[in-house]
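Student: Using the sequences and the accompanying hints, generate a full structural model.
Numbering (the working numbering), first residue to last: 1 to 631.
I should point out that these hints are in silico values taken from the structure, not numbers from a laboratory.
There is no bait here: all hints are sound.
Quick list of in silico lysine-lysine cross-link-like pairs, BS3-like style, CA-CA up to 30 Å: (1) LYS381 with LYS410; (2) LYS452 with LYS430; (3) LYS98 with LYS51; (4) LYS51 with LYS124; (5) LYS156 with LYS181; (6) LYS410 with LYS441; (7) LYS68 with LYS47; (8) LYS185 with LYS278; (9) LYS304 with LYS204; (10) LYS67 with LYS51; (11) LYS278 with LYS304; (12) LYS181 with LYS204; (13) LYS156 with LYS68; (14) LYS47 with LYS159; (15) LYS554 with LYS395; (16) LYS554 with LYS423; (17) LYS366 with LYS410; (18) LYS395 with LYS452; (19) LYS144 with LYS98; (20) LYS448 with LYS410; (21) LYS185 with LYS156; (22) LYS410 with LYS395; (23) LYS381 with LYS304; (24) LYS441 with LYS554; (25) LYS279 with LYS159.
Computed beta-carbon distance windows for the label pairs: (26) SER90 with THR205: 38 to 46 Å; (27) GLU262 with ASP489: 55 to 63 Å; (28) LYS67 with ASP130: 23 to 31 Å; (29) ASP489 with THR271: 52 to 60 Å.
As the structure is a computational prediction, the values presented were derived from the model and not from experiment.
No residue lacks a Cβ here, since even glycine has one placed at the ideal position from N, Cα and C.
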Amino acid sequence: MLASLPFEVLTMTATFMAQKERLVCATVCKSWSKAFQHSLWYSINIKDEQKVDTILNPPATQENAYKKNGNRVRDLTVERSVNLNNEQISKLQSYFQKLLAFRSGYGALDSDILNTTNNWRNWKSLVELDITTSCMDEKEPEEKFFELLIHLPHLKQLKFWEQCYKNTHYYTWETLEDIHKILPKLEVLVLNIVFIEMPLDTIKTMTDISPIIRMKTLDLPHHNMDIGWLYYISLRYPNIEELSSKYRSYTNMIDQDLPDDETVMLLNNHTNGFLHLKKANISYSVAMMGCLELLCAMYKNLFKSITTLQYSLHLESGDILDFPATIVTEHLNSFPASLEDLNIEITSDFIEAYRLPDFQNFPHVKNLSINILNSVTSIDKILDNFPSLNVLHIKGNYVTLSSSDTSTEKLHPLRSLSLADIKADSSIFKYISYHCRSLNKMCLYEVKVVQKRSESRRRIYMDMLYTNFHVLTFIRVKFFLTTETGSFDEEIPTNFFILGRVVNAPQYFDPNFKNLHSNYKKLLEIHTNYPWLEGETMWSYLCFNKDSKYNTRKLWTLDYKETLTIKKAFEKYSPTDPKTSKTQRKRHPGGLALQRYWRSDLPNGYARILCGHVQGCYFDYVYLNFTRRKV
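Tutor: Shown next as structure tokens:
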């Protein structure tokens with residue numbers, strides 16, 4: 001029986017059994033089929049040093065079950081919490097000689113692993129290899145790596161991660177050529193090594209590149225996908241289904257000049273796209289507008305069937321900074337209409353604020369994420385140009401409407417909205433609520449909600465009467481009344497927050513009917529005609545948090561008596577009355593007042609979000625629940 005079960009399993013089983021039951025268990029174990037024994041030994045996961053000792057150093061009185069059954073093991077994983085030396089690795093390789101997959105976390109293998117590759121021939125059956133090493137040899141790093149790969153001719157999936165604090169060597173496209181010569185059966189390749197950018201003159205030398213038909217996935221996590229690299233990959237891997245590259249700011253960059261006429265002709269004539277590519281993650285850094293235009297033309301020719309695209313563009317200092325709106329237009333016009341999931345990010349350390357142009361129509365996109373630094377985004381235009389959108393995430397600078405008189409009766413299927421690190425005009429929430437009747441999830445993270453100050457009314461309204469929320473989240477959200485020019489003092493936010501709902505139970509919109517539920521519609525009409533009827537409301541006060549130096553404010557939910565006091569104070573408050581003017585006092589860090597100074601926050605008004613229905617919401621991780629507190 002010891003030869004059929006791992007020792008730990010037997011020990012654990014025997015601990016809870018009487019002697020008679022142990023005999024029964026032994027009888028059952030002997031009758032197990034060979035197939036079950038194979039499945040029992042198929043996969044081993046080494047999580048700690050104790051597991052290493054159990055496998056390699058069993059008690060002298062026991063037979064080494066792992067060594068005896070090693071040929072049944074097909075899948076071996078070594079967690080990063082383990083540190084195997086070369087001798088231990090060699091033993092594992094001698095035990096498990098029919099292995100199909102081997103994975104190791106960072107630090108799990110000896111740093112000298114590539115200098116002792118002889119025993120890797122015992123794992124010639126491997127079809128999947130995932131290893132992480134420290135920096136390879138500075139002078140000839142590829143040679144040691146290739147010596148290891150030579151012993152693994154059947155590999156179909158290779159994931160290799162080189163962890164270096166300082167880059168000592170940069171690899172070229174010829175490194176990929178050598179890997180494929182050694183591993184002709186490769187289908188999935190992930191290489192976390194630093195590739196140098198490809199000079200545009202190199203394109204003319206790529207005359208003998210033969211396509212690799214079986215390759216399905218290429219992932220270069222430490223790579224800037226420039227024009228030369230994209231051209232090479234399109235020649236070498238025409239059948240790939242997933243392509244990924246993630247730019248790092250410390251990648252070794254070279255100065256890119258505009259290509260000559262011969263190179264431009266080669267690029268323009270190269271129209272054989274990735275016919276099977278469905279998912280791409282592309283990162284690129286550029287300084288010249290001419291290079292960007294060439295790249296966008298390549299996108300249009302190559303990415304014809306793609307459905308999921310994550311695109312990151314970093315703008316360096318150069319003439320490209322003179323055309324921020326054109327950059328967005330060029331990119332979106334180069335993306336195919338077949339997209340269903342789009343994540344676009346454009347960043348720069350130099351670009352100034354600008355308004356985003358209208359997007360082209362993407363009829364099939366259901367998930368959209370936009371992070372365009374220093375941009376002014378018109379959310380009504382986004383909804384118009386992405387008519388099938390279900391999930392929207394915006395991160396950037398300022399979100400507003402294209403004009404104050406924006407009006408359309410067209411409804412939109414948006415269900416989830418996330419805004420992060422932006423300034424948002426309060427008017428967008430009323431527009432979204434009316435046109436997105438299916439919206440049930442909204443998250444605001446590090447958002448400044450602004451509304452123009454009025455002498456008669458100092459209130460910030462987020463009217464979402466048509467919305468029934470499942471999830472409503474506010475994390476470090478601040479509210480501000482602005483001047484005519486839109487400016488505001490970040491040290492003086494609005495510290496009163498009101499959460500209200502019109503109905504006690506959700507009334508969800510049915511797109512098959514032209515009107516809302518009749519009772520719900522009647523309640524909306526009542527609220528429109530008699531706006532002082534606020535239904536159920538919860539008043540809260542954002543006060544100074546003296547118990548934490550990290551979170552400078554805390555949400556204090558008012559009870560019934562406190563709420564009445566605050567309401568009466570606002571009703572009596574007059575900006576011209578000297579008795580109610582703001583008192584002079586020393587404010588605390590973050591501009592947040594102590595609770596006893598609440599009267600001095602009256603001039604800053606209050607922020608109110610009124611929903612059709614919301615069970616409760618999280619505000620700075622504090623849960624507001626209507627079922628517990630009603631006013």
